[in-house]
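J.: Spelled out, the chains give:
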Amino acid sequence: MEKIKTFSANTVNLPNEDIDTDQIIPARFLTRQTTDGIGECLFADWRFDKSGKPNEDFILNQPESTDAGILVAGHNFGCGSSREHAAWSLVDYGFRAVVSTSFADIFQNNALKNGLLTIVVDSDTHKWLMEHPATELIVDLENTEIILENSKAISFPIDSFARYCLLHGVDQLGYILKHDPEITAYENQQ
Amino acid sequence: MQISPKTLFDKIWERHVVVPETEEAPAVLYIDLHLIHEVTTPQAFTLLREKDLRVRAPEKVLATMDHSTPTVPIGSLKDLEIVSEQGPAQQIRDMIQNCKDFDIELYGFESKRRGIVHVIGPELGITQPGKTIVCGDSHTSTHGAFGAFAFGIGTTEVAHVLATQCLLQRKPSTLAVNLNGNLNKGVSAKDIILKIIGHIGVDGGTGHVIEYRGNTVANLTMEQRMTICNMSIEAGARAGLFAPDNTTFDYLHGRPMSPKGEDWNCALETWKELQTDAAASFDKEVDIDVSALTPMITYGTNPGMVMPIESTIPDHKGNQSFKKALEYMQFEPGKPLLNHPIDVVFIGSCTNSRLSDLRDAAKILKGRKVAKDLRVLIVPGSQSVKSEAEAEGLDRIFIESGAEWRESGCSMCLGMNGDIVGSGKLAVSTSNRNFEGRQGSGSRTILASPKTAAASAINGSVQDPRQFEI
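Line by line, the protein sequences are chains A and R.
No gaps in the numbering here: position 98 of the first sequence is 98 in the numbering used here, and each next residue is one more.
No gaps in the numbering here: position 313 of the second sequence is 313 in the numbering used here, and each next residue is one more.
Among the hints, a few may not be true.
Quick look at which bits of chain A chain R covers, simulated, 3 or more residues with Cβ under 8 Å [what the hints assert, rightly or not]: (1) 97–106; (2) 158–165.
Below 20 Å or equal to it, Euclidean Cα-Cα: the simulated SDA-like pairs (lysine to any residue) are [said to hold, decoys possible]: (3) R:K272 x R:G125; (4) R:K171 x A:D159; (5) A:K178 x R:E21; (6) R:K171 x A:D49; (7) R:K260 x R:E59; (8) R:K51 x A:G174; (9) A:K50 x R:G422; (10) R:K100 x R:R49; (11) A:K50 x R:Q330; (12) R:K60 x R:A163; (13) R:K171 x A:Y186; (14) R:K324 x A:A44; (15) A:K178 x R:V17; (16) A:K178 x R:R255; (17) R:K185 x R:M307; (18) R:K363 x R:R396; (19) A:K178 x R:T221; (20) R:K324 x A:E56; (21) R:K425 x A:H179; (22) R:K323 x R:G424; (23) R:K60 x R:G125; (24) R:K363 x R:T221; (25) R:K363 x R:F468; (26) R:K100 x R:S111; (27) A:K178 x R:G125.
Here are the simulated distance ranges between beta carbons [unchecked claim]: (28) A:D49 x R:V17: 47 to 57 Å; (29) A:T184 x R:I399: 51 to 61 Å; (30) A:Q190 x R:G254: 22 to 32 Å; (31) R:K323 x A:N61: 17 to 27 Å; (32) R:R396 x A:M1: 51 to 61 Å.
These aren't lab readings, by the way, just hints derived from the structure by calculation.
For every residue, glycine included, the Cβ atom is placed at its ideal position computed from N, Cα and C.
Hey, can you work out the whole structure from these sequences and the hints?
T.: Okay, here's the thing in structure tokens:
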């Protein structure tokens, strides 16, 4: 797992609320056996028309979005199915963080396990970001804050264990495996 | 020392903590039952192979094929090549190989036990009170109907459970949904859960485990409880729970994987302890008057956009997401949906494909014909449900009415197995999600109960089932 400390990237705004994982990646793409190149399926039904041509009206197809690395989305992002393909497709496309006023539980879990930061901000900050599209944000995971283009720093909450794992590149499976003696003891008690 | 009062959820949680939660780290939580299917496991098995890990407890894994598996009859892998596209066919072949390589028993094409993972767990009796149950599928919440803590996980976590039989978890908060009053004629469990989602919102349960309580609960069957728990995730909840009672025990008694003999008596004693203590409190509480309910239908692109069938579509002026949803659905605020023409009716999915759901639909469809030019697809939740329905002659009622009757599977619920609604077409579906394109690219979905779906099938338009209730 790659370590994450601080990075900066430009934002792209998708103001819709309740963006579900079927929008992030429609079910017909879940038959893939690997995660390679899965970014091409991201927001497929919004990004492309029926013939597969890019939909010019969609924000990700517009010139100012080409180098975006942070998605700023409406409330309750990632609701719906548990498909980790949603997090994989965002990461493979080039996103390193999603900013919203709230995230669905399973999506947030999946995202953090794939080095995709889920940054919860208050509604005023969210409004500012929506009013300032394609702005550069600095994400400082060490100090758990984002720094806006006007130098204003805003702290964000993140689970302390998820933060530790991301900062140090800790493999969570390896962490559980280290508890093998306790797991065996538990099983023997049953 | 006085023991502090506990909720049902507290009790299940405490019994599964292998390593306690701290500020720095989540708990290591033991998982009793891991359900797997073909779609959310391939990358997990790849990870196991890369790390040279084995499956820790193959006997605690229940494997089936449902999501990308076609619902037309498949006798062999050769048949699969004919009916499936390359992607799904490969996924099914890999599932068979992965289960073989890791010593997991798979209920495949030849098995009478195959079906939708959330239908077969309960009907086999392996879903039991007090268990922790996970699956790479959000509708794992279904199993909470038995008083099990059951929740959906991602594929990375599927690998964690395969390798360690454990998960890293922070303890969620609790939400009591108090259901009071009795259901009126023509009103179903589906209407209760749609009402709840509409009331608390699609994020109303985020970070919470719901316990459904109140005086309605005692009169709900296990299949009704499963429908309610199934859609707890549509309110964002981590899981849904019903405390086990005699209805639960009667359902489980004698099932193939239920405890037998003396083991049954021991299990029963433990299960009876799984109640919320009288003095225990919840982080949040919500009250719903079930006796005031009428059939519910959705009008938008998430399950929280729901209304009584006789209502008109509301208006949320200035809300762009709301406006976009109605534009997608091609509906207008202020208009009713009753009598609105439809193209497809789908009766099935892990929400509503059990025997009682099929009986509800058959009662209305018996001796009647579905509307001309309407496509009606009825898909049983498991091969076992299929044979029980056929033994009662329900298949004949459906076929004679003009509906299609299929093999079990997720089918049209999620448009990845060949069964789709079609772009621009409008469906009344008994499934769980009305997201844009959920039932296939461009599909439009109205969620409803099997009764409402069957009533709508006859007229080819949205219909109130109460007109057919005797």
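J.: Indicate, hint by hint, whether the structure satisfies it.
T.: Okay, the hints, checked on the actual structure:
1. 97–106: It holds: at least three residues are needed, and the stretch 97–106 of chain A offers 4 whose Cβ sits within less than 8 Å of chain R.
2. 158–165: holds (count 4)
3. R:K272 x R:G125: holds (17 Å)
4. R:K171 x A:D159: Holds, at roughly 12 Å.
5. A:K178 x R:E21: Within the cut-off at roughly 16 Å; holds.
6. R:K171 x A:D49: Not satisfied, since the Cα-Cα distance of roughly 43 Å exceeds 20 Å.
7. R:K260 x R:E59: holds (18 Å)
8. R:K51 x A:G174: holds (10 Å)
9. A:K50 x R:G422: holds (12 Å)
10. R:K100 x R:R49: holds (13 Å)
11. A:K50 x R:Q330: holds (18 Å)
12. R:K60 x R:A163: holds (12 Å)
13. R:K171 x A:Y186: holds (19 Å)
14. R:K324 x A:A44: This hinted pair holds, its Cα atoms lying about 17 Å apart.
15. A:K178 x R:V17: holds (16 Å)
16. A:K178 x R:R255: Roughly 37 Å between the alpha carbons, so the hint for A:K178 and R:R255 is violated.
17. R:K185 x R:M307: holds (18 Å)
18. R:K363 x R:R396: holds (12 Å)
19. A:K178 x R:T221: violated (43 Å)
20. R:K324 x A:E56: holds (17 Å)
21. R:K425 x A:H179: This hinted pair is violated, its Cα atoms lying about 52 Å apart.
22. R:K323 x R:G424: holds (18 Å)
23. R:K60 x R:G125: Roughly 13 Å separates the two Cα atoms, so the pair holds.
24. R:K363 x R:T221: Judged against 20 Å, a Cα distance of about 18 Å means the pair holds.
25. R:K363 x R:F468: Satisfied, since the Cα-Cα distance of roughly 9 Å is no more than 20 Å.
26. R:K100 x R:S111: At roughly 15 Å apart (the allowed maximum being 20 Å), R:S111 and R:K100 satisfy the hint.
27. A:K178 x R:G125: Violated. A:K178 to R:G125 sits at ~33 Å, over the 20 Å cutoff.
28. A:D49 x R:V17: 47 to 57 Å: holds (51 Å)
29. A:T184 x R:I399: 51 to 61 Å: Given about 54 Å between the Cβ atoms, the range holds.
30. A:Q190 x R:G254: 22 to 32 Å: With a Cβ separation near 24 Å, A:Q190 and R:G254 satisfy 22 to 32 Å, so the hint holds.
31. R:K323 x A:N61: 17 to 27 Å: holds (22 Å)
32. R:R396 x A:M1: 51 to 61 Å: holds (57 Å)
In summary, the structure is inconsistent with hints 6, 16, 19, 21 and 27 from the numbered list given earlier, while agreeing with the others.
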